[in-house]
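Line order of the protein sequences matches chains L and X.
Using our numbering, the first residue of the first sequence is number 573, and each one after it goes up by one.
Using our numbering, the first residue of the second sequence is number 77, and each one after it goes up by one.
Each hint should be verified, as a subset may be incorrect.
Stated by the list, open to error - Okay, the calculated bits of chain X under chain L, using three or more residues with CB under 8 Å as the criterion: (1) 196–203; (2) 210–224; (3) 229–235; (4) 298–310; (5) 335–344.
As the list claims (entries may be wrong) - Footprint (simulated), chain X over chain L, 3 or more residues, beta carbon under 8 Å: (6) 801–813; (7) 819–828; (8) 835–844.
Unchecked claim - Some chain X residues near chain L, calculated using beta-carbon distances under 10 Å: (9) E85; (10) F100; (11) A292.
Because the hints were derived from the structure by calculation, they are not lab data.
Even for Gly, the Cβ is constructed at its ideal location relative to N, Cα and C.
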Amino acid sequence: MTITRRTLLAGSLAGASLPLVTPLRHARAQAANTIRIGVLNDQSGLYRDLTGPGSTQAVRLAVQESGVTTRGINVEVAEADHQNKPDVGSTVVRQWLDRDGFDVIVDVPTSSVALAVNTLVRERNKVFLCSGAATSDLTGSACSPNTIHWTYDTWMLARGTGGAMVAAGGRTWFFITADYAFGHALERDVSNFVRAAGGEVLGSVRTPFPGTTDFSSFLVQAQRSRAQVIGLANAGGDTINSIKQAAEFGITRRGQRVAGLLVFISDVHALGLQTAQGLVLTATFYWDLNDNTREFTRRLGRMPNDVRPSMIHAGCYSAVLHYLKAVEAMGVAAAKASGVATVERMKAMETDDICFGKGTIRADGRKIHPAYLFEVKSPQESRYPWDYYKLLQTIPADQAFRPITEGGCPLVRT
Amino acid sequence: MSDLWYDLEAFLQQGTLGLVNGAFYAILSLGLAVIFGMLNVVNFAHGAQFMLGAFVAWMLLNWAGIGYWAALVVAPLIVGLLGVLIERTMIARLYKLDHLYGLLLTFGLALIIEGLVRNAFGSSGLPYRVPEAFRIPPVDLGYMLMPAYRFWIVVVSLIVCLGTWFAIEKTKLGSYLRAAVEKPQLVQAFGVNVPLMMTATYGAGVALAAFAGVLAAPVYSVNPAMGANFIIIVFAVVVIGGMGSILGSIVTGYILGVIEGFTRVYYPEASATVVFVIMAIVLLVRPTGLFGRA
């Protein structure tokens, strides 16, 4: 038999959809004093290094350091890959919550997936501790009494990097935006900032997600706009490719500035300091920020591929640590019975850990802590491996996140 | 500046950039077409082999101090040899079976290779700088500034594509190859070592993919998924061009790169799907592809 076009096409389709099979560790019989934690994130795609197995490692560290297991509470941690697809993520979460009796979903980068998980968890009255996703809608129009948005969000990024760019004289903007919930939210939040500061948004271009490798066409369009700042409303591999190609096209040499609105430490590592130097970025955690963050990095131990923890990893640790404190305070049975009650309890307690210091959780589900504006060092300034950032400015906790009255969260009584 | 010139400028810019992407599509689909034409194997590992080319270039630079120019030769050789090994130990056993087995095998290989690289290097990728000779300011074309390295990609891909086409269509070795595709037993009876030729062809096709990978390393992020992003589009290119047609896959590669470039201006959200829309239309109108024979 010779191969036909039809079999080739069938093969292509299979190739596009085959990696859907997700290994799941099945939980055994329900136990009344067992808390089940599901870490859901990107284990194989462009967000793997900044979430992925490192988040699970951070969650396990939190479980261990909470000490609850020595006081008679069993904790089980499972992980799964959502492949940045809302349908895959929803299927996993349904199985975890409906069949396997999970109590809390942790991490979930990729805003489109996080918004889907947000709804599922609320319907089932469980708990969602979101560290990985960025969209500020999670504490705005989509806020839920079952969800805490832990680490960062698009408003904070807009306030940090966007604010710094505007303050430095960047009044006209053009956006290169990943075409899904996260990119849209980030573009919206930064645009609001730019306009409020008297600046102007000249245009934007939406890039297919995932699967865009070549950003040169989009960069050239941004160049044509003659905007002073090209805002990259994307993340992970997309940001790496955009910045690498912007450097190649000499965009910064012609007076335009490139603003990576969400840049992770793994992105800087992948770009190399030669290309990344001078980038301004906002984060709520940097492994080398102070003695506490260095201590966290040491305790976490060797990470997959020797990366240093991202703020998302730190957020997973911090969130689970606080969650287990609340569970212990209210009792496992009560915690398992009601996600809303557990989150209420978490909101009532002050947070405190070595990654973010002391903090609070607001009524809309927003975890509050300081944010930091960093600049990427030059190769000459970097003295040891992963010595990448210098601190430009600390944004105090009460200014780092969107004021609670402006998000439009129905949970907030105005 | 008039509106017309403004539009024309955008048109020229995206056409030029599209040629660069088209250069990658052309080299990759050419390799696929060669392998398919000769071995009747749909090489789903092609994207992974492209990615391996880029990673081997990185390893050569960082572990052995071997720079870009040498890597352009050495990396395809190494990955090509790996291809030879794969053909001898695995693919050669499947020639007598249904061709779907070859497809499944190479697809499985692609997943394994990508997984291994991801485990070893992570998903963010590795830095690989534009070679020293091209670290000059972008060239002013009048309608845009074009990095010198991207010119090099277009030029070298044209040379490689035309060279391969010439070798297959116009040389004696090429005529043996084409004869062996039609009547392998007869050609073997004339004393030509057909199995060896098949092995060499697969190795050469894989080396072409790795060559494209080295070319891509300085412009795209060197990461485990870089091939997977390309390969599905490249399969569409092969289908549009006509299965197994060498010239068809080259020409279609460049044309689709340019069309994709235009889409990125006029309807950017569709730029990832436009190739498949064209594929569907071509299949309806010309089921054998633009250059294929029934």
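Handout entry: Unmet hints by their number, sorted upward, for this structure
Key = Hint check: 3 fails alone, others pass.
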